[in-house]
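Visitor: Next come the chains, spelled out residue by residue.
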Amino acid sequence: THTPAKTSLQPALNKLFDTYRGMLPYSTCDLTDFPVDDTDDPDQIGADGTMKYLEDLSVSLEEPVMLAVLAQVKAPTMGELSRGEFTNGWEAVSADTISKQASVASQFRESLKSDANLFRNVYKHSFVLARQPGQKSVLIEAAVEFWRMLFSPAGFDWTTKGFNWIETYLTFIQEKWNKSISKDLWDQTLFFAKKTREDPSLAWWNEAESAWPSIIDEFAKHVKSLPEHRKITSADTMDTS
Amino acid sequence: MAAKLPYDKDDLTSTWTYLEAGVDKILRSLRDGVNMEDYMGLYTAVHNFCTSPKPVATSFGTSDGQHRGANLGGEDLYKNLRKYLQYHLHSSVANSLSMPSEALLSYYINEWTRYTSAAVYNHHLFRYLNRHWVKREIDEGKKDVYDIYTLHLVTWKDVFFENVQSKVMKAVLNMVEKQRLGEVIEQQKIKSVVDSFVSLGLDDTDSSKSTLEVYRYFFERPFVTATETFYKQESQQFMSDNTVTEYMKKAESRLEEERQRVGLYLHPDIMSTLTKVVTRVLVGDHATVLRDEFQKLLDLDRQEDIARMYKLLHRVKDGLDPLRTKFEHHVRRSGEAAIEKIASEGEAVEPKIYVDALLGVHTQFAQLVSYAFNGDTEFVRALDNACKEFVNTNKLCKEGSSKSPELLAKYADNLLKKGPKAVEENELESLLSELMTVFKFLNDKDVFQKFYTRMLAKRLVHANSNSDEAEISMIAKLKEACGFEYTNKLQRMLNDMQTSKDLNANFKAFQEAMLDGEDLKQAVDPAYAILGTGFWPLGAPTTPFIPPPEIIKTYERFQKFYHEKYNGRKLTWLWNLSKGEIKANYIKGTKVPYTFQVSTYQMAILLLFNDSDTNSYDDIAKATALAAEWLDPSIAILVKGKVLLSTPADGKPASGTTYALNYNFKNKKLKVNFNIGVKAEQKQEVEDTHKTIEEDRKLLMQSAIVRIMKSRKKMKHVHLVQETISQLSTRFNPKPGDIKKSIDQLIEKEYLERVDDDELGYLA
Numbered sequence: 001t002h003t004p005a006k007t008s009l010q011p012a013l014n015k016l017f018d019t020y021r022g023m024l025p026y027s028t029c030d031l032t033d034f035p036v037d038d039t040d041d042p043d044q045i046g047a048d049g050t051m052k053y054l055e056d057l058s059v060s061l062e063e064p065v066m067l068a069v070l071a072q073v074k075a076p077t078m079g080e081l082s083r084g085e086f087t088n089g090w091e092a093v094s095a096d097t098i099s100k101q102a103s104v105a106s107q108f109r110e111s112l113k114s115d116a117n118l119f120r121n122v123y124k125h126s127f128v129l130a131r132q133p134g135q136k137s138v139l140i141e142a143a144v145e146f147w148r149m150l151f152s153p154a155g156f157d158w159t160t161k162g163f164n165w166i167e168t169y170l171t172f173i174q175e176k177w178n179k180s181i182s183k184d185l186w187d188q189t190l191f192f193a194k195k196t197r198e199d200p201s202l203a204w205w206n207e208a209e210s211a212w213p214s215i216i217d218e219f220a221k222h223v224k225s226l227p228e229h230r231k232i233t234s235a236d237t238m239d240t241s
Numbered sequence: 001m002a003a004k005l006p007y008d009k010d011d012l013t014s015t016w017t018y019l020e021a022g023v024d025k026i027l028r029s030l031r032d033g034v035n036m037e038d039y040m041g042l043y044t045a046v047h048n049f050c051t052s053p054k055p056v057a058t059s060f061g062t063s064d065g066q067h068r069g070a071n072l073g074g075e076d077l078y079k080n081l082r083k084y085l086q087y088h089l090h091s092s093v094a095n096s097l098s099m100p101s102e103a104l105l106s107y108y109i110n111e112w113t114r115y116t117s118a119a120v121y122n123h124h125l126f127r128y129l130n131r132h133w134v135k136r137e138i139d140e141g142k143k144d145v146y147d148i149y150t151l152h153l154v155t156w157k158d159v160f161f162e163n164v165q166s167k168v169m170k171a172v173l174n175m176v177e178k179q180r181l182g183e184v185i186e187q188q189k190i191k192s193v194v195d196s197f198v199s200l201g202l203d204d205t206d207s208s209k210s211t212l213e214v215y216r217y218f219f220e221r222p223f224v225t226a227t228e229t230f231y232k233q234e235s236q237q238f239m240s241d242n243t244v245t246e247y248m249k250k251a252e253s254r255l256e257e258e259r260q261r262v263g264l265y266l267h268p269d270i271m272s273t274l275t276k277v278v279t280r281v282l283v284g285d286h287a288t289v290l291r292d293e294f295q296k297l298l299d300l301d302r303q304e305d306i307a308r309m310y311k312l313l314h315r316v317k318d319g320l321d322p323l324r325t326k327f328e329h330h331v332r333r334s335g336e337a338a339i340e341k342i343a344s345e346g347e348a349v350e351p352k353i354y355v356d357a358l359l360g361v362h363t364q365f366a367q368l369v370s371y372a373f374n375g376d377t378e379f380v381r382a383l384d385n386a387c388k389e390f391v392n393t394n395k396l397c398k399e400g401s402s403k404s405p406e407l408l409a410k411y412a413d414n415l416l417k418k419g420p421k422a423v424e425e426n427e428l429e430s431l432l433s434e435l436m437t438v439f440k441f442l443n444d445k446d447v448f449q450k451f452y453t454r455m456l457a458k459r460l461v462h463a464n465s466n467s468d469e470a471e472i473s474m475i476a477k478l479k480e481a482c483g484f485e486y487t488n489k490l491q492r493m494l495n496d497m498q499t500s501k502d503l504n505a506n507f508k509a510f511q512e513a514m515l516d517g518e519d520l521k522q523a524v525d526p527a528y529a530i531l532g533t534g535f536w537p538l539g540a541p542t543t544p545f546i547p548p549p550e551i552i553k554t555y556e557r558f559q560k561f562y563h564e565k566y567n568g569r570k571l572t573w574l575w576n577l578s579k580g581e582i583k584a585n586y587i588k589g590t591k592v593p594y595t596f597q598v599s600t601y602q603m604a605i606l607l608l609f610n611d612s613d614t615n616s617y618d619d620i621a622k623a624t625a626l627a628a629e630w631l632d633p634s635i636a637i638l639v640k641g642k643v644l645l646s647t648p649a650d651g652k653p654a655s656g657t658t659y660a661l662n663y664n665f666k667n668k669k670l671k672v673n674f675n676i677g678v679k680a681e682q683k684q685e686v687e688d689t690h691k692t693i694e695e696d697r698k699l700l701m702q703s704a705i706v707r708i709m710k711s712r713k714k715m716k717h718v719h720l721v722q723e724t725i726s727q728l729s730t731r732f733n734p735k736p737g738d739i740k741k742s743i744d745q746l747i748e749k750e751y752l753e754r755v756d757d758d759e760l761g762y763l764a
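From first to last, the protein sequence lines are chains Z and F.
FYI, this note's numbering numbers position 161 of the first sequence as 161, with every residue one higher than the one before it.
FYI, this note's numbering numbers position 430 of the second sequence as 430, with every residue one higher than the one before it.
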């Protein structure tokens, strides 16, 4: 029963894709219902089309759910959508109209905070989006922007009582890390964030036996030296939550 | 047997009356002798009584009455004998009751001797009984029936021993205490008591065997308890009245005394228990006090007392552990202090002084270990650990610095280099061995290797090595310590020099064949060293250079010769390391011309003056093409040595200055050396060496990690770090943080991947 349903959604999705393909910069043109085919690649939506599309889904560029949508359609870069991934991505959740897709997006908005699997996928795909074309790693500036969005309260809230992990991390990494962010460091950062939320005292961290990338070890050491961290560790042992 | 018997052989009472009188005589006065007739009479009486049939009522109702009869006859005799022995011994007990303990001791021994001799005699007398009735009873598994000799012993134990043993032991212990306090005693008496107690240990299951149980319970146990009490008291008293060192002497002699006591009059069985108790009381119970004294003894270098303390505490379980810790700490402190002492004399320390200071401490304590600690491997390890600490970290070699390997390499260079301070060859070998002692403690053996390689290269290139044999010997030592790979390049360098020697000889022949007499006279007398690029730590010159025409022909000829021999090899001329000698025929007022030892750069400069007496700086720069950083110091030395005179007189080597040949040059020596390295250059070299070490270490770490992962495929992050450290520890001690960084880089370069959060995989 799935197979026929699948095939039946493809034409509609392709049509929807074409609506946004090759769109003129939308600030200069409000003929939104009339696609202007000015790109060579018929299977791609460019930056302006993507922006318009997201707007139509009522997804803001400032909120992490935007990354969830782009992960759903496996956008190859920040301002680009590919036909195959677009149609397959939406077909998988049976959303073949803007309104259905918008409602999937608002579901994402709800569950991003609680659904660890969903967030992990979004986080992983964000690395792809953050990369410069042809690069294996992410420039530090881009990484900081993405992390700030991903680790915000609307995403994975990386703060614990009395301690703002994400800002501390971003400050630290901008000061101490003069290289780009590797895939490994990207992945391990999320893993580290999870561990710190489970136990912000860092009691589980041990430099000699840890397997963290060295910059994360240095960060852990740095955090332990902070007076405000020491405060929360002692407070935490008081209430055994 | 016609004679009438003095008893009725069928009647028990009659027979026993006869026997008792005999046995009584034997017990009381065996020493007076028993005549053969009496003996035969008694023996026969036993035989007769046992064999005579007895019409006794017991034959009724039993199936083998005759047999029983014979049994009963034996049994009656046996019981009567036992009753008699009991009676006899009870009277001995009665006699002893009023005796003071010393007298009792003698009495016990006398009685014992007399009684046991009689027992042997009676055993023979009652042989018939032994052979038949007793044997049968024992065979049937009857307890409490013994052969006649054993019956004597059992009865003795039950009656006499039981009543007097505690009093006897009291006497024994009194005597021993007296002896411990220095009195002379009749120790043979104690030995007799021991023998007697041992004899009384009868095995219940087999009376022909003996056990030590009686002896252990009645002798050993009270003896050991008394000993413990005695030494507990004595040691406490002695310790409060004397110094710890005096106490140790006392304890040592007491332990020896007790050991000897066993041999003199105790049973060897007591040895281990007695030693254990005495050791515990004399050493174990005072171990803390002894150990507290250890530091003082070390400070005062009281080797004999230290040795004594070691021997004493060695006897106690775990007694030496705290000593070892203190010793290690002390050695480390001594090493640090030795370096602090020489460090205060200024920043730049002589390599020899530094190495001597390190060695001095090691030698001192190695000697102590072998003398006082009996070469104990655990103490050797403590010494090594301590040396490792202070050799690598001290006031001159701060944490993380590589001063120690650098200074040690310099020291090696000084030893192996020709020079006024060079040592005799036979002395050299032992100095090199000492050097290796320090080398083994180095953490950063790779740093030593770097410096050593550079210095060896210099020695070889400048031909100022003191002795080829010593060079070879040193490399052999390093190879033995660190393996083939460590010395590979060093070995190759030596080989290159040997090959070059042969090559020069061949070249000479080649040149002689090619040139006629006149040309040969004109030609310079060259020597070449062909050095493999990969093995020598020498860089190509950093400046362009136009060699002087005088040598061009010669070196081109060599190049031709070489290329004929080894087609396709490229020669790079290391002008920066080349040198030569030139004769100064121009100088006035000397019969024998001066010889100048110069670098090839200086040679090129000086040879310009063959054509013109004055040359400007710019002329020289143009003719030699040398960069200022090489040209300027080369000129400066010639000016300083007054070979050239500059105008203006105080002009720096720079455009505008001109130079004239000094015809009035004077020097005490006929051979003058101007080929002197520049200080700043040397300092730069040290810095460069350190820099390459950092780079090399990164490579070493990465290649070790890749090597490990290649063979393991998958590995926990922690284990990989540990394994890398252990693989590299023969060269240097990598920091876990640095290894982690290398791992990060290898992940980035996709040699490795993270298969799990704490596990890594190898990507082929």
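Please note: incorrect hints may appear among the correct ones.
Lysine-lysine pairs mimicking DSS-like chemistry, simulated, CA-CA at most 27 angstroms apart [what the hints assert, rightly or not]:
#	chain 1	residue 1	chain 2	residue 2
1	Z	K194	F	K403
2	F	K421	Z	K179
3	F	K403	F	K741
4	F	K691	Z	K179
5	F	K714	Z	K176
6	F	K671	F	K691
7	F	K741	Z	K136
8	F	K565	F	K583
9	F	K642	F	K669
10	F	K698	Z	K136
11	F	K458	F	K749
12	Z	K124	F	K421
13	F	K669	Z	K176
14	Z	K124	F	K683
15	F	K666	Z	K221
16	F	K403	F	K716
17	Z	K224	F	K341
18	Z	K221	F	K167
Cβ-to-Cβ under 8 angstroms is the rule here; a few derived chain Z residues that face chain F [what the hints assert, rightly or not]:
#	residue
19	Q10
20	S82
21	E91
22	A92
23	F172
24	E175
25	A208
26	P213
27	E228
Treat the hints as calculated values from the structure; they're not laboratory data.
Predicted model only: the values in this text are computed from it and were never measured.
Just so you know, even glycine gets a beta-carbon here, dropped at the ideal spot from N, CA and C.
Visitor: If a hint holds in the structure, say so; if it does not, say that too.
Guide: Status of the hints after comparison with the structure:
1. Z:K194 x F:K403: Distance of about 45 angstroms is beyond 27 angstroms: violated.
2. F:K421 x Z:K179: Violated, because 53 angstroms separates the two Cα atoms, which is more than 27 angstroms.
3. F:K403 x F:K741: Distance of about 25 angstroms is within 27 angstroms: holds.
4. F:K691 x Z:K179: 22 angstroms, holds
5. F:K714 x Z:K176: Cα-Cα ~31 angstroms, so violated.
6. F:K671 x F:K691: 38 angstroms, violated
7. F:K741 x Z:K136: 18 angstroms, holds
8. F:K565 x F:K583: 33 angstroms, violated
9. F:K642 x F:K669: 14 angstroms, holds
10. F:K698 x Z:K136: 23 angstroms, holds
11. F:K458 x F:K749: With Cα atoms ~39 angstroms apart, K458 (chain F) and K749 (chain F) exceed 27 angstroms; violated.
12. Z:K124 x F:K421: Outside the cut-off at roughly 69 angstroms; violated.
13. F:K669 x Z:K176: It is violated: about 61 angstroms lies between the C-alpha atoms, which goes past 27 angstroms.
14. Z:K124 x F:K683: 51 angstroms, violated
15. F:K666 x Z:K221: The hint is violated at about 69 angstroms.
16. F:K403 x F:K716: 35 angstroms, violated
17. Z:K224 x F:K341: At roughly 40 angstroms apart (the allowed maximum being 27 angstroms), K341 (chain F) and K224 (chain Z) break the hint.
18. Z:K221 x F:K167: Not OK: K221 (chain Z) and K167 (chain F) at ~77 angstroms, beyond 27 angstroms, violated.
19. Q10: With Cβ-Cβ at 36 angstroms, over 8 angstroms, it is violated.
20. S82: Check failed: Cβ of S82 (chain Z) comes no nearer than 25 angstroms to chain F, outside 8 angstroms.
21. E91: 32 angstroms, violated
22. A92: At 28 angstroms from the nearest chain F Cβ, A92 (chain Z) fails the 8 angstroms test, so the hint is violated.
23. F172: With Cβ-Cβ at 16 angstroms, over 8 angstroms, it is violated.
24. E175: 17 angstroms, violated
25. A208: 6 angstroms, holds
26. P213: Holds. Min distance 5 angstroms.
27. E228: 25 angstroms, violated
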